[in-house]
Amino acid sequence: MKWATEISIPQGAAPLDYQSRIVLMGSCFATHMGERLHYYQFQQTTNPFGVIFHPAPMADLVHRALGGKSFESSELFENQGLWRCSAVHSTLAHPNPERALEQLNTALEHLGATLREASHLILTLGTAWGYRDRETGQLVANCHKRPAAAFEKELMAPDALAGVLMGMGIALRQANPGIRIILSVSPVRHIRDGMVASQRSKAHLVTAAHQMADAGMGHYFPAYELLVDELRDYRFYGADLVHPNEVAVGHIWERFSGAWVAPGARPVMEEVAEVRRGLAHRPLNPESEAHLAFLQSLSRKMEGLLARYPHMAFENPTS
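According to the numbering used here, the stretch in the sequence shown is residues 8 to 326, in order.
Hints may contain errors.
What the hints assert, rightly or not - Just the calculated beta-carbon pair ranges, DEER-fashion:
| no. | residue 1 | residue 2 | range |
| --- | --- | --- | --- |
| 1 | Ala155 | His101 | 21 to 29 Å |
| 2 | Ala157 | Ile198 | 18 to 26 Å |
| 3 | Ala11 | Pro274 | 24 to 32 Å |
Hint data in this document are derived by calculation from the structure and do not stem from the laboratory. The beta carbon of each residue, even a glycine, is placed where N, CA and C say it ideally should be.
Kindly produce the complete structure, drawing on both the sequences and the hints.
Structural data, given as structure tokens:
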């Protein structure tokens, strides 16, 4: 007996393998997927400017990185002892303004370089609700705990969102004609806006993402639909009843990898996982002959992987 209606997900064109260079940007769910790719030692860069929920600030960063438009000191402001920038997440804030600016421009150069070399860009869209700075007119990536009166809240229409995404897609293809863009909508609900407003936002994002996919500029992966429909149970959420729990993230990863990871990469993933499990093992007697033999075997497996895939990095099992 089937206990859920399974969502049909087509096989991705040009799926990921160990030669792929992958960039992930967007909501905290992009971070979850990036962590899985990192675990299996794929070449990936995840959220170099931190978590960003709205497509417009995300697209602004892409345009900026590809255009080489550096951040300027005038774009920084101080709040609670840290120098911040409204275009990025608070993780890039710093007590020293010169250091904060240096961090921003280093991350910008890195993003530009990785996008030009990327085989895949995975965008996870979080919300269509945005906050526009009343003074600058900028749709910010993060409010940085500034007073609510400093912003005007707005819901971006589907066509406007699609325009933002397609404009970004055009710029990316001009800089990197071979890049593949995978679009998804984050399954994390934004209940601070209320459930109806959150659903409305997600509907706008889904519509915009499909407009881009229908135009042949991207591929849609149904992360949101997998949680709210295929899983459809609060046992797949964390204690806050908002974020997917580890079981849900694992399920969505399995569906993603089933559609978007090349079959030839799967044996390598299992080799990597075996090494990861071996490195996590904590023996009762670290000096026993059995454990020392285990470490030697583990080292040989690591050396074999590194010989084939020099980008991989493992800790020394004997340290």
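Contradicted hints - numbers only = none
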